[in-house]
Amino acid sequence: MSTWRISDILYPVLFGIGVLILWEAVVRGFGVPAVLLPAPSAIWAKFITSLPILWIDFWQTVVRAVIPGWIIGSAAGFLVALLCDRIPFLKRGLLPLGNLVAALPIVGVAPILVMWFGFDWPSKAAMVVVMTFFPMLINAVAGLQASGHLERDLMRSYGASWWRTLVKLRLPAAMPFIFNALKINSTLAMIGAIVAEFFGTPIVGMGFRISTEVGRLGLDMVWAGIAVAAITGSAFYGLLVFLERRVTFWHPSYRQ
Amino acid sequence: MSAAPAIAAKPVDREKGNAFPVTVVCLCILLAWYIAAIPMNWVIAGPKIEAAGGGLANVLAFSWNEARPVIPAPHQIARELWKSIFTVAPWMPKSLIYHGWVTLSSTLLGFVLGSLLGIALAIAIVHSKFLSKSLMPWIIASQTIPILAIAPMVIVVLGSVGFTGLVPKSLISMYLCFFPVTIGMVKGLTSPEAMQLDLMRTYHASTSQVLWKLRFPASVPFLFASLKVAVAIALTGAIVGELPTGAIAGIGARLLQGSYYGQTVQIWAALFMGSFLAAALVWLVGVLERVTLKRMGVRP
Chain S
43 MSTWRISDIL YPVLFGIGVL ILWEAVVRGF GVPAVLLPAP SAIWAKFITS
93 LPILWIDFWQ TVVRAVIPGW IIGSAAGFLV ALLCDRIPFL KRGLLPLGNL
143 VAALPIVGVA PILVMWFGFD WPSKAAMVVV MTFFPMLINA VAGLQASGHL
193 ERDLMRSYGA SWWRTLVKLR LPAAMPFIFN ALKINSTLAM IGAIVAEFFG
243 TPIVGMGFRI STEVGRLGLD MVWAGIAVAA ITGSAFYGLL VFLERRVTFW
293 HPSYRQ
Chain X
13 MSAAPAIAAK PVDREKGNAF PVTVVCLCIL LAWYIAAIPM NWVIAGPKIE
63 AAGGGLANVL AFSWNEARPV IPAPHQIARE LWKSIFTVAP WMPKSLIYHG
113 WVTLSSTLLG FVLGSLLGIA LAIAIVHSKF LSKSLMPWII ASQTIPILAI
163 APMVIVVLGS VGFTGLVPKS LISMYLCFFP VTIGMVKGLT SPEAMQLDLM
213 RTYHASTSQV LWKLRFPASV PFLFASLKVA VAIALTGAIV GELPTGAIAG
263 IGARLLQGSY YGQTVQIWAA LFMGSFLAAA LVWLVGVLER VTLKRMGVRP
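From first to last, the protein sequence lines are chains S and X.
For the first sequence, this note's numbering begins at 43 and goes up steadily by one.
For the second sequence, this note's numbering begins at 13 and goes up steadily by one.
Extracted from the complex, chain S is given alone in its bound form:
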């Protein structure tokens, strides 16, 4: 495991505080109207006073749409990757398509999904599933090919079955790729759920809050919503990085 040094945390924190101070100073110094850019202090005040609303939005968007969608989409992508691994024909047919689809502007299907699954959270979860499926498929397929020939030959010489080889060698070797996809998916999931809310939603949700408050020019509330999204996204990402270090501690990129 890599050891944490104080500077690893101190520098980014100092940098962040510096940006916040600069922001506050610019807003106050130049008298930027709150309609354009509220000061961090004003956003903080709004954040504290509207915690209940933000919590309801968080629950609607993150707990109901992002997390289930992320799990289902990633799991489905992984299972199809396993299937591709067993059936080479499917891999050769599906993977080029998957690569293509991963490059497409998938957020565009949001209006269609809202039409199909209704205004409430199922359409947002479906959006997240669609967005997270392909990155996981591509990365998992690449990851399953990541183990070296020598190691695979060794497994064969042990007389290991496909399953044993998978569990003991190929899945661990695929883990960096899988975590890569999980991390990409964590941000995609947030984006998918929030963008889907622009196309129709009940009167809760982070995307709904952001778009209505923009319309009312309540920019401090918008920024409070953004802060929630950023904190959630960073925590999500940070958790995955932590897990990744635990699971793929053997990988060269963590060697000192």
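These are calculated hints, taken from the structure and not from any lab test.
Note that this is a predicted model, so its numbers are computed, not measured.
Check the hints yourself; a few may be wrong.
Stretch-level coverage of chain X by chain S, calculated; a stretch enters the list once three of its residues show a Cβ under 8 Å from a Cβ in chain S [unchecked claim]: (1) 168 to 177; (2) 248 to 255.
Negatives, chain X to chain S, calculated, CB over 12 Å [as the list claims (entries may be wrong)]: (3) Ala63; (4) Gly66; (5) Trp76; (6) Pro105; (7) Ser117; (8) His139; (9) Ser154; (10) Gln208; (11) Ala217; (12) Leu300; (13) Arg302; (14) Thr304.
To give a feel for the contact side, a few chain X residues facing chain S, derived at Cβ under 8 Å [what the hints assert, rightly or not]: (15) Ser146; (16) Pro149; (17) Ala244; (18) Leu267; (19) Ile279; (20) Ser287; (21) Val294.
No residue lacks a Cβ here, since even glycine has one placed at the ideal position from N, Cα and C.
Following the hints, position chain X against chain S.
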């Protein structure tokens, strides 16, 4: 940092022709689509089918030709695409070429700006320990803010300051673009081995010489891998950036209009147009990659 080698996985190797399997999978998808259209459109088509007396011919005729279906059949989308690309003059607001061009122009501007910013940041990060420690976590954190989600706010705020049209949309593309380029370029610029760096030192090479003669050439494959990701998300950014502009022009506006008026076929056609654009852009970057690597003497 992430342990995996690149933002996106390597493209599939083209050793054997994938044309046949891809065609089979595509045909399966088409078939599944046509079959799924029958139950999905039943809500709308069902009563008409019964009124017409039922029968397979009626089922097929009605479920696959609704004006506002739940899911349009592929040939309806193809017809709409044909109609809005080839039968309308390209500068008319009814033409998808017009909307595609609006989106494409802001995509390209954002892509160029974002890539330049990404490369500049990567060069700064590689050369400064302080920056790599302080900036890198924030660059990663910047992407956990769902910028696509706050795109409307950026557009509205910039619009109220007087920036309208191309620039705000490009800024969103740029914000999305720079991240994969920075990450990929930091990896690429640090990819030369210690031996090679030592050799440069024995030559008494200056920092800029190391950068231009060793680091930069070594990073080109990483750069192109990142650019492919970047151009694709730049397009996504531009499309989402068009959503709040009051649905005037662009693929995103077309999507929004379609969803307001329940014009499903129009939504799907716009979606396909966006997909064609994305595929074309990624393909173009790929061509550029092959040409560049060939001229640099990299064997495929």
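**Asked** Among all the numbered hints in the text so far, which are the ones the structure does not match?
**Response** Hint 9 alone not satisfied by this model.
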